[in-house]
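> With the hints as a guide, dock the two chains, each given alone in a separate frame, to form the complex.
Going line by line, the protein sequences match chains A and B.
With our numbering, the residue at position 30 of the first sequence is 30, and numbering never jumps.
With our numbering, the residue at position 102 of the second sequence is 102, and numbering never jumps.
One or more of the hints may lead you astray.
[What the hints assert, rightly or not] No more than 27 Å apart at the CA atoms, straight line, and that leaves these computed lysine-lysine pairs for DSS-like: (1) A/K20 - B/K100; (2) B/K37 - B/K54; (3) B/K100 - A/K64; (4) A/K20 - A/K66; (5) B/K71 - B/K56; (6) B/K37 - B/K5; (7) A/K66 - B/K100; (8) A/K64 - A/K14; (9) B/K54 - B/K71; (10) B/K100 - A/K55; (11) A/K64 - A/K20.
Note that these hints are calculated values from the structure, not bench results.
Since this is a predicted model, take the numbers as computed values, not measurements.
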Amino acid sequence: GAVVSQHPSWVICKSGTSVKIECRSLDFQATTMFWYRQFPKQSLMLMATSNEGSKATYEQGVEKDKFLINHASLTLSTLTVTSAHPEDSSFYICSARVPATSGNTIYFGEGSWLTVV
Amino acid sequence: DQQVKQNSPSLSVQEGRISILNCDYTNSMFDYFLWYKKYPAEGPTFLISISSIKDKNEDGRFTVFLNKSAKHLSLHIVPSQPGDSAVYFCAATWAGGYQKVTFGTGTKLQVIP
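Same shape as in the complex, but just chain B (with noise of 0.2 Å):
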């Protein structure tokens, strides 16, 4: 049972452009969740995260917005660059789940310069 989804497993945009990406999850008890960039055969690096009691949070180029009713979450890229370029993971938890992190299937990013 997929608790969290990322039903784009790739997007292209053009440099300077706004980038998109999207994440479901099923499970009402998720309360933090996280975005995560991730290169080949490296760790993921964190970029931005939110509270369940927030519907945005913003830092640099990147916004994440989070729509409770609907279960869904974005992040935003503006504008997107070339070193953006990578496979980006949405990640959820909550205090039940012992700190436990869900994480999506991924999309992978390219921007075209």
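So that you can see chain A by itself, here it is in the shape it has in the complex (with noise of 0.2 Å):
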């Protein structure tokens, strides 16, 4: 069964609004956090490390007021797509890793593909 548990799998929303994604570590705390984008037919790219009480780490050119992460407890990390455009429309991913205890693998939540009318 997955480990990691995104919400919501689907989302349409208006341009110029908001939309928040949740990624939760399912049976292990998470103290890292990382959430990444798909463009089509293209690698994922990390846009930043979500580190739970403390501010997330940006990738470089990665809008930190626009793509907000909080990393609110060690099994919750959120972001949140601020005022969005068309151009954000994209397929996003958030990971976590597993204790070292445990197998020390990376796992994925099942992706939010979020598009903006």
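Listed below in structure tokens is the structure:
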């Protein structure tokens, strides 16, 4: 079964509005989660590293004011796309690493498809 | 700078035969490598991983080989099945990278019945 869960799987929003995507680690605590974005027919692009209890670390070129990340607890990180525009339409994926005592593997959520109209 | 490269964007293999997917990396700091399978509009599904202290790891039909001197790894699928058709990403990480995973560009595998 999935060890990292994302919600919602699909979301459509109007241009100018904000939308929140949740990423939850199931049955383990994740002090660090990661958010990726995938453009059609391209690889996954790391957007930011989400750190529990502190500010997220953004990759170069990613607008931190547009993509707000909150890691409120050891099992939940949220990505909020603010003032969304059609070019923000994409597939967003989160990941978390299982603790070393449980295998140290990195698992991904199911992904969230955002369409901005 | 693409630190993890998958030079073959696509691969077609007959059902029952071996599929070999290749991956090259440039950063010698990488010490943990992973392979993921991905269907459209879904998150990547973990397949198999290998630590840099090993040169081979096997799990069922999937085997990953690591050649550190050549900075090369490969995923072997034997025997290939039509359900294996998907995009395969190799990924690399290292302890000093704060767990960030760097992905290759992906190889689309098609297994022909």
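> Next step is simple, just say for each hint if it's right about the structure.
A quick look at each hint next to the structure:
1. Distance restraint check for A/K20 and B/K100: the Cα-Cα separation of roughly 23 Å lies within the 27 Å cut-off, and the hinted pair is therefore satisfied.
2. For the proposed pair B/K37 and B/K54, the alpha carbon gap of about 22 Å is at most 27 Å, so the pair holds.
3. Among the hinted pairs, B/K100 with A/K64 is consistent with the structure: their alpha-carbon atoms are about 18 Å apart, no more than 27 Å.
4. For a cut-off of 27 Å, the pair hint linking A/K20 to A/K66 stands: about 12 Å separates their Cα positions.
5. For the hint pairing B/K71 with B/K56, the CA-to-CA distance comes to about 14 Å; that is within 27 Å, so the pair holds.
6. Distance hint between B/K37 and B/K5 is fulfilled; the C-alpha atoms sit about 16 Å from each other, no more than 27 Å.
7. Between A/K66 and B/K100 the alpha-carbon distance is near 21 Å, which keeps this suggested pair within the 27 Å criterion.
8. Of the pairs offered as hints, the one joining A/K64 and A/K14 holds, with about 21 Å between alpha carbons and a cut-off of 27 Å not exceeded.
9. For the proposed pair B/K54 and B/K71, the alpha carbon gap of about 13 Å is at most 27 Å, so the pair holds.
10. A hinted pair counts as satisfied when its Cα atoms are at most 27 Å apart, and B/K100 with A/K55 qualifies at roughly 16 Å.
11. Between A/K64 and A/K20 the alpha-carbon distance is near 14 Å, which keeps this suggested pair within the 27 Å criterion.
Figure legend: structure checked against the earlier numbered hints; every hint is met.
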